[in-house]
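Protein chains: 6
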Amino acid sequence: MNNRLYFEDIEIGATRQIFGRTITETDIVLHAGHSGDFFPHHVDAEFCKTTPFGQRIAHGTMILTIGIGLTAVEINPVAFTYGYDRIRFVKPVFIGDTIHTCVTIARKEPDQKRETFGRVFEACEVINQHDQVVMACEHILLVERSNNKTT
Amino acid sequence: MNNRLYFEDIEIGATRQIFGRTITETDIVLHAGHSGDFFPHHVDAEFCKTTPFGQRIAHGTMILTIGIGLTAVEINPVAFTYGYDRIRFVKPVFIGDTIHTCVTIARKEPDQKRETFGRVFEACEVINQHDQVVMACEHILLVERSNNKTT
Amino acid sequence: MNNRLYFEDIEIGATRQIFGRTITETDIVLHAGHSGDFFPHHVDAEFCKTTPFGQRIAHGTMILTIGIGLTAVEINPVAFTYGYDRIRFVKPVFIGDTIHTCVTIARKEPDQKRETFGRVFEACEVINQHDQVVMACEHILLVERSNNKTT
Amino acid sequence: MNNRLYFEDIEIGATRQIFGRTITETDIVLHAGHSGDFFPHHVDAEFCKTTPFGQRIAHGTMILTIGIGLTAVEINPVAFTYGYDRIRFVKPVFIGDTIHTCVTIARKEPDQKRETFGRVFEACEVINQHDQVVMACEHILLVERSNNKTT
Amino acid sequence: MNNRLYFEDIEIGATRQIFGRTITETDIVLHAGHSGDFFPHHVDAEFCKTTPFGQRIAHGTMILTIGIGLTAVEINPVAFTYGYDRIRFVKPVFIGDTIHTCVTIARKEPDQKRETFGRVFEACEVINQHDQVVMACEHILLVERSNNKTT
Amino acid sequence: MNNRLYFEDIEIGATRQIFGRTITETDIVLHAGHSGDFFPHHVDAEFCKTTPFGQRIAHGTMILTIGIGLTAVEINPVAFTYGYDRIRFVKPVFIGDTIHTCVTIARKEPDQKRETFGRVFEACEVINQHDQVVMACEHILLVERSNNKTT
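Chains as they are written, first to last, in the numbering used here: chain A, 1 to 151; chain B, 1 to 151; chain C, 1 to 151; chain D, 1 to 151; chain E, 1 to 151; chain F, 1 to 151.
Take the hints with a grain of salt, since some may be wrong.
Said to hold, decoys possible - Not everything, but these chain C residues come out facing chain D in the computed CB check (under 10 Å):
id, residue
1, T71
2, R86
3, V90
Since the hints were derived computationally from the structure, they do not count as laboratory data.
It should be emphasised that the depicted structure is a prediction, and the values quoted were computed from it without experimental measurement.
Here a beta-carbon is modelled for each residue, glycine too, at the ideal position from N, C-alpha and C.
Just chain A, same shape as in the assembly (with noise of 0.2 Å):
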């Protein structure tokens, strides 16, 4: 769906929440396969058993692109991504927890470079099903001015 929001629409402190995606043994072979990174922790289950977890933890990179992937619902077509600050894996994820996305519209400010964009922040935080955080994050979007819209 399109929602367009310019720079000076959008509110400081303002919530999304969004369903949430059961993290399975299939996402971690894909991800491996896609990443090419078959790092024994998220492949080798007799390898996991030696180490403190006991089992195999999906990879950072794979809980950032589903994390943010479950915001993607709607679209806002004058917001850029601009990219990621303060990236934390604060617990692992096992195959069968479920994660959702929490995001959190921080702070925003002017572009120094572009007058015609703002940056906002949103804090994105991935929870796992016994509500602890997993992963953290600031993601950075440039988002064009109102004012521009007129010009």
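Please arrange chains B, C, D, E and F on chain A, whose structure you already have, making use of the hints.
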């Protein structure tokens, strides 16, 4: 391949460069399905004709996933991913581009909370076939200290 | 996104139009592997040169799967798929075609067997980049009645 | 295997029964990614615990795709899919269920618009390991007439 | 389709030829992810420009997998794969090539260790669209003896 | 990682052992879709209950693909796969088994047809978590001779 390197063994300025991988339409379709992000910038070639790039672009989370995945050829069993800082998508990646990743040990420091570990910061640059950086980030690792091994 | 709409809330003639998706060679290869249907019309480009279309065509079940999938962006938690009627593959879909789906509420009626539900009939048209209908069908939904919520 | 059967050769009442296939969590994850339909009924095991079924259910479009795909073992080069009628999802399919498809030639008739073709209606039933019909539909085929071959 | 053929029923010199399949970029990307083999000959188009072939080539294990898979249309329930001999990759397979497989019963012999079985040797040739053999191998099957059925 | 080893550099008896990988239901479903081999021994859990193994077994071509793929961590840019001999599937591989591959340089010999190359024969054993060999084969490589490099 296993390559055990303790915190003290890791030299600042050391670099690794890894074989490349061509980003295909397949990768984008798989990443859309893996992440659930079917934004038209990634999967609608007709829409993309109306954008400045004129064509589909790779998901940011995919460039991170594959860019970091390309470095996952040598396992250091005493190192763990702690997080990522300052991920920036500098240029778009198009279907048919070939990327490789250049990793440089940028700096290291003791870990405040964990006596037996240090933090190592790898500067990662994902580079396309025109020698342009398309993504940059800092990969933060927790690495065991060597004095730890005799404890 | 969640959007609770009871049987009484649904207006005949209401339409939804959704962002498009380009049908790729990848989709056809994946659908062959998912369905187990490797008929040469879908996977043998040399054979297809001898057919009237001259090229590989998408599986009918894939056009239904993706065409309906494109509409799965907004969840109505009180609606359930009951079935499909009159699915017709009007024109072939080729690799590189971009399709979108247009959904119109065609009619609705009480459900004979289930007092607390009504049936809603959505007319779905899957349309290519030349504005040609490639598939049409009627999607039948069971939707809770609003008087049900106060019971 | 190729098996050329003209309209006149097809006998009403003839049945085919095909080997089965177990529906796995993998199939559901792949179908979500293929269709873009990540509704929580299919991918969120925690949410599903709160539903009457208590667990994830397969997408309707997947049961059609795999159910019909199971019949795609013998190619009749003079037959083409025209469409499907009366697709009904009679019972849910859960992870671990094994389905097979039973096809019966229900009826046939001349095609009004195309002299050299007739229409054949296959009654398809997708059946689970408890001998319960989980999906039923009518598969409509256009089949060349045999007098056509001498023209 | 089921086709029960006992050791005695299998005729030397009998051949089967099967519909073809076009090898796509998708197949190579999927096989890299499935096998974990991301060697640049398969996934780095820029590197491949510097090789004699000038382009990416299919993995040998994929040509075996798909070449043999193409023959898996008819099930002989009393035959089992014992192994393969003399697999040779005679020519490279490129993206866009279409392969089919020609199977000939080469010879058969009693099984020394298993009285109730015989060994059947199928000569398999995987052939491209230019009628060139790209892979050859001998597929060894254990097949039940028919006198076994009355025991 | 790149590791250039000429024919003369390769020592008979040298062994490599590689990290393991757990064979998942996902791998079997993906291999069925990749190969087109949906034989009930691999995809029909109900049928498999009636067989001696009582459960689904991995495709032989998949054990070769993953078993050899596990060895693809170090690239010798002057070596090329020539073929495989004596592939034998000694024991079945079940869902949940973890395999690793042990490679030993068995022997080497000049190549009769190509002066600048020699043949190296690697004995490969794919081994499960019970230390049982499940597959054995000989991997034949063409390796450049070192005197070749000065020509």
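List of violated hint numbers, smallest to largest: Every hint satisfied by this model.
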